[in-house]
Amino acid sequence: MSIGVRNLTKTFNGFTAVDNVSFSVETGELIAILGPSGSGKSTLLRIIAGLEIPNAGEIHLTGVETTLSSPQERNVGFVFQHYALFKHMTLYENIAFALKVRKVSKAEIVSRVNELLELVQLKGLEHRYPSQISGGQRQRVAVARALAARPRVLLLDEPFGALDAKVREELRKWILQLHEQTRVTTLFVTHDQHEALEIANKIFVMNKGRIEQEGTPREIFDRPLTPFVAEFVGESNFIEAEVSEPHLVRWGPINFSVNGYPLREKMRIYFRPNDVYVSSAPEHNHVKATIAKTRFKGPLIELTLHIGDGKHVVAHVPKGVSFASGFTEGSEVYVGITEYHSFSKS
Amino acid sequence: MIGLQNTPAVLPVHDVMVIRSSRLSEPRWVRWTVISISLLFVVVFLAVPLVLVFVKAFEKGTEAYVAAITTPDALAAIKLTLLTAAIAVPLNVIFGISAAWLIAKFDFRGKNVLTTLIDLPFTVSPVISGMVFVLLFGLQGVFGKWLYEHDIKIIFAVPGIVLSTIFVTFPFVARELIPVMQLSGSEEEEAAVVLGASGWRTFFTVTLPNIKWGLMYGIIVCNARAMGEFGAVSVVSGHIRGATNTIPLQAEILYNEYHITAAFSVASLLTFLAVVTLMIKKVAEAKIYHEVPPTHSQSLTGTI
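Protein chains in written order, with our numbering: chain A, 1 to 346; chain B, 347 to 650.
There are no misleading hints in this set.
Label-pair ranges, simulated between beta-carbon atoms: (1) 471(B) <-> 127(A): 52 to 60 Å; (2) 453(B) <-> 194(A): 30 to 38 Å; (3) 192(A) <-> 453(B): 28 to 36 Å; (4) 129(A) <-> 384(B): 32 to 40 Å; (5) 65(A) <-> 444(B): 32 to 40 Å.
Derived from the structure by calculation, the hints contain no laboratory data.
No residue lacks a Cβ here, since even glycine has one placed at the ideal position from N, Cα and C.
Work out the full structure, taking the sequences as your base and the hints as a guide.
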């Protein structure tokens, strides 16, 4: 086990940023901590690095308790959202910093820094200063600097948050590649679900200082365990209705079967726009609807469907399918919901 | 941009290239009028007096000039001025860095009070600053009796001059550093600490290089004021020739005794210091601008 966190709590002036959080990370895993801003994810990362002191709880790094150790003793790599490169040092000096501090021999520093420059594909730029390279390059230098002293774990705090969309996408692929090469246990914080779903082999979803759910990207996306996860990860239609017949929620003409809830129980039901099946011909169990609005979303067309009774459902249909079926505003279609998640409202 | 409010040590706006649309441009006669007024003002109130100091000082030739600044009293005044600055400036550097560090990087109770107190010497008249020390250490003062009994002289002696100079100059370094430190944030320090650097190492290899030109600026401004301070020092010095006179006090005495050339010769030393200070200041300002370069918000174009 590489990181063990037990019952960690941190409050700032009465505000609980991290609320009794426990988890463990195996060696070599690539974990995303996903949550909205203010959910405590960055604070959690900073506690692990030793930049904040928790009010309660324990932290173990590679089996050693480090709850109260200084950041210097922990040997973790930390990458900041705004790079935090040393402005007055060249890229070479930045990467060599941790090694110089550890009094590593000059020859060893030279070979390690060159190795890292190659790893982050910045060979030839080592004598530049941080202000002379692009944002993406700076973040790669920051990663190289964090890896220099072979840290026990690598912690990335919103590493791509300050970069534009195209660069982010390239860096995501790069970080995956890097992780395959180095196999360093990595924990990264993000509010971007696409980033988390694409890179991580496991996701911790955080909300209000707590971990709501942990699981593989697939589990998180397909089987959200709490309303928050269902709402936060991916887009969702959201309805509230009560159990009107045994095991059945009626919402307009649509029936959702729910098991294990008493009659009159108020329910929240979530279903994703891409789990709404739309066809131009009637099908078993489908209900009639009118397309109230169409919206172009690149590869998808977003349809707002009026199902009668003043109720609307949002569906995502591949562009080709939409064109082939002649979905236009005002046309009549049939709608079925293939998958949904129901939670008791209380 | 670095800038402060309500302090004499404000950095001027840098020469940033401003592209103004012609619609915003004033008519030619307005521009020329404004330029002429400011030019006239600068010449009459700044340039002419500056030149006159040197003209007056060298009125009776170089020999008289050298003689005026090498009299035993003048030499003693120069020595005392240098000694005072040599004590006050380093102390204020230490105090200024600590205070700026505290204010820029930490949140604590009473931070506003401390920030306001740092400005106190700027807002209080120097004469009052001097009188405060007389009230504290003078013969009739709070500690006067005790000091007299133990034969320690502060007022009308060198310690009083040094103390009042420290008091008057103590905002300069802190005031310069606070905005520089606030702008640079604490992420670089955090990065250094996580990378294994000790507190001292972080300070010397990360913090200090980031603030060095701001610090330089603070030091030269502080030094100029330490050497040139008149009011507070005048109150506590007692004007004992050859013992408790600094250069400005010596210049005043000579002037009052109608030794005009000698007075201006001694004054020219301070004027020369002012010119040098201005030049170093100009360099430091340009460097501070580079110390706080456009960082995250603006990235260079190029491949990742």
